[in-house]
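Novice: Letter by letter, the chains look like this.
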Amino acid sequence: MAEESFYGVTLTAEDNSETWDVVDEDYSRGQKLVIKQILLGAEAKDNEFNVVEVTSQKDTVQIPIAVLKAGETRAVNPDVEFYETKVTFKLIKGSGPVYIHGLTIKDDVEVVDMEEEDDEDEAEDVEIEHPKKRKIEQNADGKNAKNQKKK
Amino acid sequence: MAEESFYGVTLTAEDNSETWDVVDEDYSRGQKLVIKQILLGAEAKDNEFNVVEVTSQKDTVQIPIAVLKAGETRAVNPDVEFYETKVTFKLIKGSGPVYIHGLTIKDDVEVVDMEEEDDEDEAEDVEIEHPKKRKIEQNADGKNAKNQKKK
Amino acid sequence: MAEESFYGVTLTAEDNSETWDVVDEDYSRGQKLVIKQILLGAEAKDNEFNVVEVTSQKDTVQIPIAVLKAGETRAVNPDVEFYETKVTFKLIKGSGPVYIHGLTIKDDVEVVDMEEEDDEDEAEDVEIEHPKKRKIEQNADGKNAKNQKKK
Amino acid sequence: MAEESFYGVTLTAEDNSETWDVVDEDYSRGQKLVIKQILLGAEAKDNEFNVVEVTSQKDTVQIPIAVLKAGETRAVNPDVEFYETKVTFKLIKGSGPVYIHGLTIKDDVEVVDMEEEDDEDEAEDVEIEHPKKRKIEQNADGKNAKNQKKK
Amino acid sequence: MAEESFYGVTLTAEDNSETWDVVDEDYSRGQKLVIKQILLGAEAKDNEFNVVEVTSQKDTVQIPIAVLKAGETRAVNPDVEFYETKVTFKLIKGSGPVYIHGLTIKDDVEVVDMEEEDDEDEAEDVEIEHPKKRKIEQNADGKNAKNQKKK
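Chains as they are written, first to last, in the working numbering: chain A, 59 to 209; chain B, 59 to 209; chain C, 59 to 209; chain D, 59 to 209; chain E, 59 to 209.
No lab work stands behind these hints, which were simulated from the structure alone. Treat the hints with caution; some may be incorrect.
Copies of the same chain look alike in the list, so a pair counts if it works inside one copy or between any two.
Here are the simulated DMTMM-like cross-link-like pairs (lysine to aspartate or glutamate), alpha carbons at most 25 Å apart as the crow flies [stated by the list, open to error]:
#, residue 1, residue 2
1, Lys144, Asp117
2, Lys103, Asp73
3, Lys151, Asp117
If we strip away everything but chain A, and leave its shape as in the complex, we get (with noise of 0.2 Å):
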């Protein structure tokens, strides 16, 4: 289902900061970025603790998502995801490298909501209900459809 892919990035002592964001604003919706992996290389310094802070700008958290120290933790795998939101990973603690692997996904939502209103012309004479068209605005446009409601 939608598009989606790899997503690979290496910070180390000098390039210690990377950011993730949305696309196209317009299209924003429905992108989001899964954090699968974070590994410390095999170049790291003994019983040094390196510490990636991730930074998510739309739920306004700042926290430690990785620590790592070679001879104890090489890998964690905290398989969280940053929905669209710009995020920011920052190495706060050590020298690297550390390698942070995940996707990134794209929903391509709005473009089905505007489909979906060509075919409501077509059927309108028949007078049958759309059935998969509240099932994609359920999933996809959930946040509208409930502000929608309260006016």
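Fit chains B, C, D and E to the known structure of chain A by using the hints.
Specialist: Leaving out everything else, chains B, C, D and E in the frame of chain A:
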């Protein structure tokens, strides 16, 4: 599907408890908290156990969910879910810091049901069954459907 | 989807066995227990093995599912499921405490089938096939569908 | 979805091989074995490697899938799937015991296709397309659909 | 869903590279490789790092994905996906053996779209919208749909 957000909280000796709850009583159905990783901070004391206990109000369960110790266990990945309930995490042993990572998910179940009611009015002239409506009730409202049947 | 609850139980030398079962014979289909994590408590003795054995009644399997030891293996993540069966966990070695974490899931399969029957009556005048109904049977009731076909 | 069962087998020096196979040639499609955890028993010898090799007949692959050693690696979580194929697990190094945990899943794919044929007959008078049927074929019978197209 | 196969390859000092690619240019959409586990063999040398680097052609990413060392890290579980792209794994450090385990998945996306065209012809007399067709385009062909809209 649904609306989701990153969940990240920090427990320390001074701030040793954190509670998550569903956000709105009327629309509380379909909300859940998923805990993916519990991680011991780099500042944790050597050989000190750090134990996080979870209390799930609806399930009336109180149990340790993470036992962490520097040099032995830096992180656990519980991957458990708390569904439609108030949940409290407490650092009952150790001075932390301990980081809890996960997701909160809202399904906006009720809103969809109300829109489906409108569909029923529009479509009653042609008497064609609502295939998606049954599916949605099955997924989102199984408990109520069961109760109604028993009347 | 479905109704789910957090599952958490503690095994110790004194209270070394715990059984989970489906809740209602008539509506037992679609119920399952998912075991996500088995965790050794901070109070466990050094160098003592703690072994949890699982017995799945329907699958007639009895096998250790967790082997834990302080200083070596604090937690395992089996991520296995027990579907429509009685399950017993027993601490067969060690004095614990051992914590078992997971989810119980109810799909309310039977209820949906009965509602679909009503749809069939309503719709038979217009002779339009029931697209969702077949899908629901496939997902929820594959076994029965198979039996009926053989008659 | 589908019918699933817990899968648990034990390998030892004396009983070092175990084979899983699809259960019925006519209805073998959609069956799979998922391996979630491979765990070294408490009785395993210190510093002895225990290696489990898997042979997947359809995929013609033979490869170690678990390398376990007391004091170093007590468990691995492969989370791999063997789909519509005979699979053999063999303890090629070490004396065990080694426990293999997972799930077997049956989708009952063929049965659904045959029921859909009946729908086609019932509905042909009104000439309304079968929206769900295409979806089911896509999911369950993609390979056959492809072959038919090439004729 | 879809057709899937077990993926297992071995990297050694002599045979240190392995490439996976989509199988047919015309039907390459919807194909992906999922990497679940990377495991160090029992024959690996003590205290030698074994590093596997991945190159994803479409995503133009080249990054280490596993850092393994006997006595410290026997296995990692990246759980990442490579979607519609050529992927190369290379043992850039150490002599192995290293085992890579996962799944390959084919969705047969194009075939379904072409069958849906036929449905359109059959159904045009009754002018009922095609609820599933939009859904399938959303899932499988979101990128193309987006491009067409902008024309």
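Novice: Under a CA distance limit of 25 Å, which applies to Lys144 and Asp117: within one copy, between copies, both, or neither?
Specialist: both (10 Å within a copy, 20 Å between copies)
Novice: Within, between, both or neither: how does the pair Lys103, Asp73 come out at a Cα-Cα threshold of 25 Å?
Specialist: Classified as within; 17 Å inside a copy, 29 Å across copies.
Novice: How would you label the pair Lys151, Asp117 (within, between, both, or neither) given a Cα cut-off of 25 Å?
Specialist: For Lys151 and Asp117, the Cα distance is within 25 Å only inside one copy (23 Å; across copies 29 Å).
Checked against the numbered hints given earlier, the structure satisfies every one of them.
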